[in-house]
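One letter stands for each residue in the lines below.
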Amino acid sequence: MGKLLSLGTKLKYPITINKLLKHPGNEIKRKEPILSYKFTWMQTVGDPLGENWEEEQTTIADWDSPADGTIKEWKIKEGAVIQSDLKFVDIEETCPHSVQFQGLCGMCGKDMTEMSWASASDDTDRAKINMIHDQTALRVSEDEASRAEEESQRRLLKHRKLSLVVDLDQTIIHACIEPTVGDWQDDPNSPNHEAVKDVAKFQLKDEGVRGLASACWYYIKMRPGLKEFLNKVAEMYELHVYTMGTRAYAMNIAKIVDPDRKLFGDRIISRDENGNITTKSLARLFPVDTKMVVIIDDRADVWPKNRPNLIKVVPYDFFLGIGDINSSFLPKREELPKMTQAPKKKHTKIDTDETDSTKNGEDSTPDPDASKPADQEKAQEEPEADGSRVSALEELVRMGGGDDLALRLEQAAEQEKFLEKQLTERPLLHMQEKLDQEEDDDATITDESRNGDTAHEHPHHKHNLLKDDDVELTYLEKHLAQLHKAFYEEYDRALVNAHGGRVAQLKPGHNKKVSIKDESADLRIVPDIGNVMPRLKAKTLAGCTIVMSGLVPLQADIMRTEIAIQAISFGAEIQTKVNRKVTHLVASTSRTRTHKVRQAAKYEHIKIVNQQWLLNSISKWEKDDETSYLVEIHEQDKIREEGFNSSAPSSIHDSDESSEDSASDEEESDHVPAREEEVAEDLEGVMPEAIEEGHSPVDDLKGFNWGEIDEELESFMGSDDSESENDSGAESVASDISIRSRTSNKIVPKKRKVGDITDDENSGDESTLAKKQRIANSRSTGLKTVKTPNSMQSESSLPTPGPTGDEDGEEDAVDQIPTGDDDDGDDPFGDDLEADLMAEFEREEEEFKDGGGG
Amino acid sequence: MFFLYNLERQVTLHPSYFGRNMHELVTGKLLKDVEGTCTGRYFIITIMDTFNISEGRILPGSGLAEFTVGYRAVVWRPFKGETVDAIVTSVNKMGFFADAGPLPLFVSSHLIPPDIKFDPNATPPQFTNNEDSVIEVGTHVRVKLIGTRAEVGGMYAIASIKEDYLGCLQGS
Numbered sequence: 001m002g003k004l005l006s007l008g009t010k011l012k013y014p015i016t017i018n019k020l021l022k023h024p025g026n027e028i029k030r031k032e033p034i035l036s037y038k039f040t041w042m043q044t045v046g047d048p049l050g051e052n053w054e055e056e057q058t059t060i061a062d063w064d065s066p067a068d069g070t071i072k073e074w075k076i077k078e079g080a081v082i083q084s085d086l087k088f089v090d091i092e093e094t095c096p097h098s099v100q101f102q103g104l105c106g107m108c109g110k111d112m113t114e115m116s117w118a119s120a121s122d123d124t125d126r127a128k129i130n131m132i133h134d135q136t137a138l139r140v141s142e143d144e145a146s147r148a149e150e151e152s153q154r155r156l157l158k159h160r161k162l163s164l165v166v167d168l169d170q171t172i173i174h175a176c177i178e179p180t181v182g183d184w185q186d187d188p189n190s191p192n193h194e195a196v197k198d199v200a201k202f203q204l205k206d207e208g209v210r211g212l213a214s215a216c217w218y219y220i221k222m223r224p225g226l227k228e229f230l231n232k233v234a235e236m237y238e239l240h241v242y243t244m245g246t247r248a249y250a251m252n253i254a255k256i257v258d259p260d261r262k263l264f265g266d267r268i269i270s271r272d273e274n275g276n277i278t279t280k281s282l283a284r285l286f287p288v289d290t291k292m293v294v295i296i297d298d299r300a301d302v303w304p305k306n307r308p309n310l311i312k313v314v315p316y317d318f319f320l321g322i323g324d325i326n327s328s329f330l331p332k333r334e335e336l337p338k339m340t341q342a343p344k345k346k347h348t349k350i351d352t353d354e355t356d357s358t359k360n361g362e363d364s365t366p367d368p369d370a371s372k373p374a375d376q377e378k379a380q381e382e383p384e385a386d387g388s389r390v391s392a393l394e395e396l397v398r399m400g401g402g403d404d405l406a407l408r409l410e411q412a413a414e415q416e417k418f419l420e421k422q423l424t425e426r427p428l429l430h431m432q433e434k435l436d437q438e439e440d441d442d443a444t445i446t447d448e449s450r451n452g453d454t455a456h457e458h459p460h461h462k463h464n465l466l467k468d469d470d471v472e473l474t475y476l477e478k479h480l481a482q483l484h485k486a487f488y489e490e491y492d493r494a495l496v497n498a499h500g501g502r503v504a505q506l507k508p509g510h511n512k513k514v515s516i517k518d519e520s521a522d523l524r525i526v527p528d529i530g531n532v533m534p535r536l537k538a539k540t541l542a543g544c545t546i547v548m549s550g551l552v553p554l555q556a557d558i559m560r561t562e563i564a565i566q567a568i569s570f571g572a573e574i575q576t577k578v579n580r581k582v583t584h585l586v587a588s589t590s591r592t593r594t595h596k597v598r599q600a601a602k603y604e605h606i607k608i609v610n611q612q613w614l615l616n617s618i619s620k621w622e623k624d625d626e627t628s629y630l631v632e633i634h635e636q637d638k639i640r641e642e643g644f645n646s647s648a649p650s651s652i653h654d655s656d657e658s659s660e661d662s663a664s665d666e667e668e669s670d671h672v673p674a675r676e677e678e679v680a681e682d683l684e685g686v687m688p689e690a691i692e693e694g695h696s697p698v699d700d701l702k703g704f705n706w707g708e709i710d711e712e713l714e715s716f717m718g719s720d721d722s723e724s725e726n727d728s729g730a731e732s733v734a735s736d737i738s739i740r741s742r743t744s745n746k747i748v749p750k751k752r753k754v755g756d757i758t759d760d761e762n763s764g765d766e767s768t769l770a771k772k773q774r775i776a777n778s779r780s781t782g783l784k785t786v787k788t789p790n791s792m793q794s795e796s797s798l799p800t801p802g803p804t805g806d807e808d809g810e811e812d813a814v815d816q817i818p819t820g821d822d823d824d825g826d827d828p829f830g831d832d833l834e835a836d837l838m839a840e841f842e843r844e845e846e847e848f849k850d851g852g853g854g
Numbered sequence: 001m002f003f004l005y006n007l008e009r010q011v012t013l014h015p016s017y018f019g020r021n022m023h024e025l026v027t028g029k030l031l032k033d034v035e036g037t038c039t040g041r042y043f044i045i046t047i048m049d050t051f052n053i054s055e056g057r058i059l060p061g062s063g064l065a066e067f068t069v070g071y072r073a074v075v076w077r078p079f080k081g082e083t084v085d086a087i088v089t090s091v092n093k094m095g096f097f098a099d100a101g102p103l104p105l106f107v108s109s110h111l112i113p114p115d116i117k118f119d120p121n122a123t124p125p126q127f128t129n130n131e132d133s134v135i136e137v138g139t140h141v142r143v144k145l146i147g148t149r150a151e152v153g154g155m156y157a158i159a160s161i162k163e164d165y166l167g168c169l170q171g172s
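In the order they appear, the protein sequences are chains A and B.
Residues in the first sequence are numbered from 1 upward in steps of one, following full-length UniProt numbering.
Residues in the second sequence are numbered from 1 upward in steps of one, following full-length UniProt numbering.
Simulated from the structure, these hints should not be mistaken for laboratory data.
None of the values given here were measured: they were computed from a predicted structure.
It is possible that some hints are incorrect.
[Claimed, not checked] Residues on chain A that point at chain B, a partial pick, calculated with CB under 10 angstroms:
| # | residue |
| --- | --- |
| 1 | T94 |
| 2 | M107 |
| 3 | M112 |
| 4 | A118 |
| 5 | K128 |
| 6 | I132 |
| 7 | H133 |
| 8 | A137 |
| 9 | L138 |
| 10 | V140 |
| 11 | D143 |
| 12 | W217 |
| 13 | E238 |
| 14 | T589 |
| 15 | R591 |
| 16 | T592 |
[Said to hold, decoys possible] Simulated crosslink set (DSS-like; lysine-lysine; CA at most 25 angstroms straight-line):
| # | chain 1 | residue 1 | chain 2 | residue 2 |
| --- | --- | --- | --- | --- |
| 17 | A | K31 | A | K10 |
| 18 | A | K158 | B | K162 |
| 19 | B | K93 | B | K144 |
| 20 | B | K144 | A | K161 |
| 21 | A | K262 | B | K80 |
| 22 | B | K93 | A | K31 |
| 23 | A | K29 | B | K80 |
| 24 | A | K128 | A | K262 |
Ideal Cβ positions, reconstructed from N, Cα and C, are used throughout, including at glycine.
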């Protein structure tokens, strides 16, 4: 292994090589001179009289070797003049120092931290990769790492296996420290006894966790079918554990899950060795290549760099509302709301509760969990807990590069807080009590209504809080088997091809060479899981174009939400607006009357399904039959839609017919099939709607009825608060179309305001410039009526259809105001505030204009 | 290598302990403070005896009494080239870790005889030559130190078993 030494930048170039002190084959030691060179420089000399002058000096100096070894070849000759830094000698090092333990070279035992005048670089930098599961002190160099990895890949190929990295919490087990579980376990009368009787427990004597949580019991529920799952999977995969829990915790879990240590062996990595507290990285275990690695985890966001290798598992939530006890320092999970599985009778109650909890969630991030009635307590606690958690997280992130120990202490403290909270608050107990309470209430009511007699026949609870009905692992096993098969099929094909190719090439000559070369060729043709898996997944929802409604907060960029990323990775196409190409509208079960649902109801081919369809399809890796997930469309919506459609032309007032896309497009495209093709070409949805529809924004402007705008402005200027209040009052009468079409002209200003805001949120992906322009357009000031060439230009220079935005917003507004309470959820939080602020802002603007103009 | 070493140390005593058995208390405190620590060059294994406990001097300001204690201790200083016995604590494909008393050491696969190979499929994973040598967690091994390094609170070493009579200890 040769190493080229370079002269370094610190010398005073140009230099002349004076003498080569060593010859090829000579052994050299560290700090030993191997080369002497000379250079000239100017020295300032002075005499006692105070006169200074410069004199040229020539100095001869030695160049000392920074490394041990033997010289292989000189790249320079004696007498050569060298102008700048270059590599000048090739040496064979005695030791490459490629394995280092605590600053010691693992091969020669030398201290790597030692620095001297001769050392060119820090030797500890030569081995930086940490690839051992249970140690952080051992580091290896890149060469060593790839050698080790190649070896293990060969071994896996020989056994026809792959690597599988398994997360613990909420993926294969669910842990909690709620003492109530212990009580239930001991009490055979408890309704939950059946569910918790096989829950394993252990006590953690962990120095890291002090105080109240120090001697608590950890209750571990294994996901149903875990044993069989692991045994089956272990035939195809080499299993690794990668958890955000502490080492002691991970070892204890491993003892429970895998008592013989046959499955995981020593391949367990915990957050103590991870080196990063917010993310996991495959590079920690497989630094060179991750071709043969699959991950199963319940959180996709902790694997930012390894998404193609990840199978996201539906989180196992056995102890309701507990969540992941080891992720208190992670950012909050971004998850789709689960289906509400509440008893039917209590719908009204739940609904009120739901609005409660959403209100509570308002000040923090919108909380999708809020629609889970079982999680209400959790959801209500969250706002306060959230703040501290987020700030702590930031703190941790800031410390990210810093001292490992301090970081770990911080982590431990954070978790301790979390655990103590669980110990003191006993959320499970409360939940069961609440459930019982409701049960009792119900029972009394029904009993009393029947015979007015007592309700003392309920010594036992009928309903149990904890249900043991998870089937995720069966799907998961199927996927893993499928993946394994696909991988090795591809590998075999590649192998045959490679062999065939080479055999054909070398047929006349030496057949022996083939088998020798195979070794290295094998690894190169190994397919990449990162390609195989996405290909498999993408078949699932291929051809589906999905619009989501009520599932992600309006403020969020839908393309960045977890669910959208998931859906896209399964081959679906996500759109933000409902149009012809859309095949599925995924609507939240709790909000079935949103604007998008109504839009989608107009198209017969759009299947309006609830989120469970998407979740199940993703979980099963096959498109589920939609029929059982169809969302019932509110009767009123259907009727309204029809009415809306027929009256659509009348309700369109300005010149903005282009933007009434849904209605007019459908009618028109029936007659003009060519148009549809045009639309279909723009698959990306990059073009603004108006252009998609075949209109250019400039066309709109040409046909723009400026007079009408003037009218509008006048009516707005004249209108005061009382009038607009009247209007909104009239509007709340709502579904009456005639009123709407009558009022629509009058109330334009007000609608504009509301419309703007909702629209802003809708089109988060629009450029800010376009947004500003749109706001400017809708301001309806006199400025707009001035048709200077300038204004025309500025309007048309951007392909953003200003009027379109207006109309869209207006449509929103029209829809929202009448059905106020239903649609509240559609534009969840901060909207009111924003609307107020916007209104205030505009009023001021108006006043300013007023003052300036008049 | 073990040495009997004469050392000296300042021990402070809280005023509430002032009394007849002060010297015993001082000795006790010394044992607690010193035994089992690593100074950076050697480990203090045990204190044989104390002698020459000086008169206490009250430290101005705090009221603590300070004693200068001379003591004799058994210290262990690991040397490069020394042969020690150790117990394996962890085995992985890069080599194995072992503890020689208080000294954690690492034997890399480069310093293991080529016939002893890593077997990741065994439970637990082990280094073995498929004959008499099996190195897994808990095995007693005899190793030769190749290099040592000291930090403030501890020492580390690199060791080798690539020589005669090194490696697995039979019958222990």
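Consistency of the hints with the structure:
1. The beta carbon of T94(A) comes no nearer than 13 angstroms to any beta carbon in chain B, farther than 10 angstroms, and the hint placing it at the interface is violated.
2. Taking 10 angstroms as the C-beta contact cut-off toward chain B, the hint placing M107(A) at the interface holds, the least distance being around 5 angstroms.
3. Hint status for M112(A): holds, given a least beta-carbon distance of 9 angstroms to chain B, under 10 angstroms.
4. With its C-beta approaching chain B no nearer than about 19 angstroms, A118(A) sits outside the 10 angstroms limit, and its interface hint is violated.
5. Taking 10 angstroms as the C-beta cut-off, the interface hint given for K128(A) is violated, the closest approach to chain B being about 14 angstroms.
6. With a cut of 10 angstroms, the hint placing I132(A) at the interface with chain B holds, because the nearest CB-to-CB distance is about 5 angstroms.
7. Here the hint on H133(A) is kept, as its CB sits about 7 angstroms from the closest CB of chain B, short of 10 angstroms.
8. With 10 angstroms as the threshold, the beta carbon of A137(A) comes within range of chain B, its nearest partner Cβ sitting at about 8 angstroms, so the hint holds.
9. With a cut of 10 angstroms, the hint placing L138(A) at the interface with chain B holds, because the nearest CB-to-CB distance is about 6 angstroms.
10. Contact between V140(A) and chain B, as hinted, is supported at the beta carbon level, the nearest pair being about 6 angstroms apart and thus within 10 angstroms.
11. Below 10 angstroms, beta-carbon pairs count as interface contacts, and D143(A) has none with chain B, the closest being about 13 angstroms; its hint is therefore violated.
12. Taken as an interface hint, W217(A) does not check out: its beta carbon lies about 27 angstroms from the nearest beta carbon of chain B, beyond 10 angstroms.
13. Checking E238(A) against chain B by beta carbon gives a least distance of about 8 angstroms; that is within 10 angstroms, so the hint holds.
14. With its C-beta approaching chain B no nearer than about 48 angstroms, T589(A) sits outside the 10 angstroms limit, and its interface hint is violated.
15. At about 53 angstroms, the closest approach between the beta carbon of R591(A) and any beta carbon in chain B exceeds 10 angstroms, and the interface hint on this residue is violated.
16. Hint on T592(A) is violated. Least Cβ distance to chain B is approximately 54 angstroms, over the 10 angstroms limit.
17. Among the hinted pairs, K31(A) with K10(A) is consistent with the structure: their alpha-carbon atoms are about 17 angstroms apart, no more than 25 angstroms.
18. Between K158(A) and K162(B) the alpha-carbon distance is near 29 angstroms, which puts this suggested pair outside the 25 angstroms criterion.
19. Between K93(B) and K144(B), the direct Cα distance comes to roughly 20 angstroms. Compliance with the 25 angstroms bound is thereby established for this hinted pair.
20. Between the alpha carbons of K144(B) and K161(A) the distance comes to roughly 38 angstroms, so the proposed pair goes past 25 angstroms and is violated.
21. At roughly 38 angstroms between alpha-carbon atoms, K262(A) and K80(B) are farther apart than 25 angstroms, so this suggested pair is violated.
22. Simply put, K93(B) and K31(A) have alpha-carbon atoms about 34 angstroms apart, too far for the 25 angstroms limit, and the pair is violated.
23. At most 25 angstroms may separate the alpha-carbon atoms for a hinted pair to count; K29(A) and K80(B) meet this at roughly 19 angstroms.
24. Proximity of K128(A) to K262(A) is assessed by CA-CA distance (about 31 angstroms); at most 25 angstroms being required, the pair is judged violated.
Consistency note: the structure conflicts with the earlier hints numbered 1, 4, 5, 11, 12, 14, 15, 16, 18, 20, 21, 22, 24.
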